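Q: Each chain, written out:
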Amino acid sequence: MKTIKLHERLSNYLITRNSLNRVFNEINSLEDDKIEIDFDKISFISRSCADEYLKLKSNCDKIIIEKNCLESVKIIFDLIEEQSSKQGHISNTRMVSASAPIVLL
Amino acid sequence: MVVVCNIPNTDDPVTQVVPCISVVNSLEKESLSNCEVILDMSKVTWACPFSFLILGNKLNELVQRGCLIRTIPPFTDSVNEYLKKIGFPLGHKKINGTSFPIRHFANNPDKECVGLFKFVEETFPQTLRGNCINYLLGELVDNIDQHSRYTHASIMAQFFPKKNIVDIGVIDNGLSIPRLFEENRIPFLTDSEAIESALQGLSTKKEARRGYGLPAVHKITTEGLKGVGYIISRRGCIHVLPNNVRKSYILQNHIYNGTVIYLRFSAPKEKINIHPYL
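So the protein lines, in turn, are chains G and B. According to this note's numbering, the first sequence is numbered sequentially starting from 1. According to this note's numbering, the second sequence is numbered sequentially starting from 1001.
It is worth saying that the hints were derived from the structure and are not from the lab. This one's a predicted model, so the numbers in the text were calculated from it and none came from an experiment. Misleading hints may appear alongside valid ones.
No farther apart than 20 angstroms at their CA atoms in a straight line, the calculated lysine to aspartate or glutamate pairs in the DMTMM-like style are these [claimed, not checked]:
id	chain 1	residue 1	chain 2	residue 2
1	B	K1271	B	E1122
2	G	K41	B	E1112
3	B	K1206	G	E81
4	G	K41	G	E71
5	B	K1205	G	E81
6	B	K1118	G	D40
7	B	K1111	G	D40
8	G	K57	B	E1207
9	G	K41	B	E1122
10	B	K1111	G	E8
11	B	K1271	G	E71
Covered by chain G, per the in silico footprint, the following chain B stretches (three or more residues, Cβ under 8 angstroms) [as the list claims (entries may be wrong)]:
id	segment
12	1129-1138
13	1162-1170
Far from chain B, by Cβ distances over 12 angstroms, these chain G residues were calculated [claimed, not checked]:
id	residue
14	T3
15	S29
16	I64
17	N68
Glycine residues also receive a C-beta, built at the ideal position from the N, C-alpha and C atoms.
Given only the sequences and the hints, what does the whole structure look like? Please build it.
A: As structure tokens, then:
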């Protein structure tokens, strides 16, 4: 099983969605069916990045296993999973804006 | 050709936004017909970091386009000192005290953010380290990366220990929020309304679980940290305050081609839990 150390590919901070796309492009090109993603030294993940990770993982045809995930990182993943189960779609119709009057500058 | 910087002497971003954007648009106009532009800042006696971020971003963009830029510095020593500290206008790598200098980037936003995160970890108050500031900056930078198709973006973060105030600014010269909504056929009446919709979670991305970042940033800032936020995009300007108060403005005679987000709050006495706001 191949292990990918995220902090070696990126840094201790996982910030943008696009940064993870590059990692998963590498993962998808590997021959291994099972990939271990090592979150050692990852001290922060943004919500956007965590969301992208879960999306890329679900679209990946390999078995992905995480290890060494800090509790603070796990909490963000859990939060997104919870939001997924409650997701209501925000339509593209016009939203009613706040009732504050508009001042011209 | 000389562009005079007439920013009023105030710490209020709303009062400074129109003069600031006027200077930016004048710089742009001059750069189209002159390969050398001079920005005369001699009359500037005070400006908030917000304004220097906007001006710095524009000057950096012009330099990257091959324009020769000169600035006539302010006469006021304290303003000059501050500008040196933040590396105005083109930014610098050297860090002074609790002001992270303006950093400009055209790609690889992660790399710039990492430097800023490390700076925060080392210099900002303990109660702000860790997820709080990282989340605010991370989401704003990811938004630029995802949506704006920018060519130039800038970030800055500063802590003023005497006032116990933090300023965070993120700016890009890409597609504005209203323009993105138009491209995606999302209706709105005014540019401020488009910004307000984005603040409420409306996203141009069709996938599920999108549209959380900007609302969360403003909730953390105004509810968690009891601070304020400003978003300027095209002709819209929204001032977000605690208790879900909003003030909306329209720039009548000026357009900002891009988006500026500026947050200001005091360092809290205890670390806040940001998770309820995500």
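Q: Checking each numbered hint in turn, tell me which of them this model violates, lowest number first.
A: Per hint list: single violation, 13.
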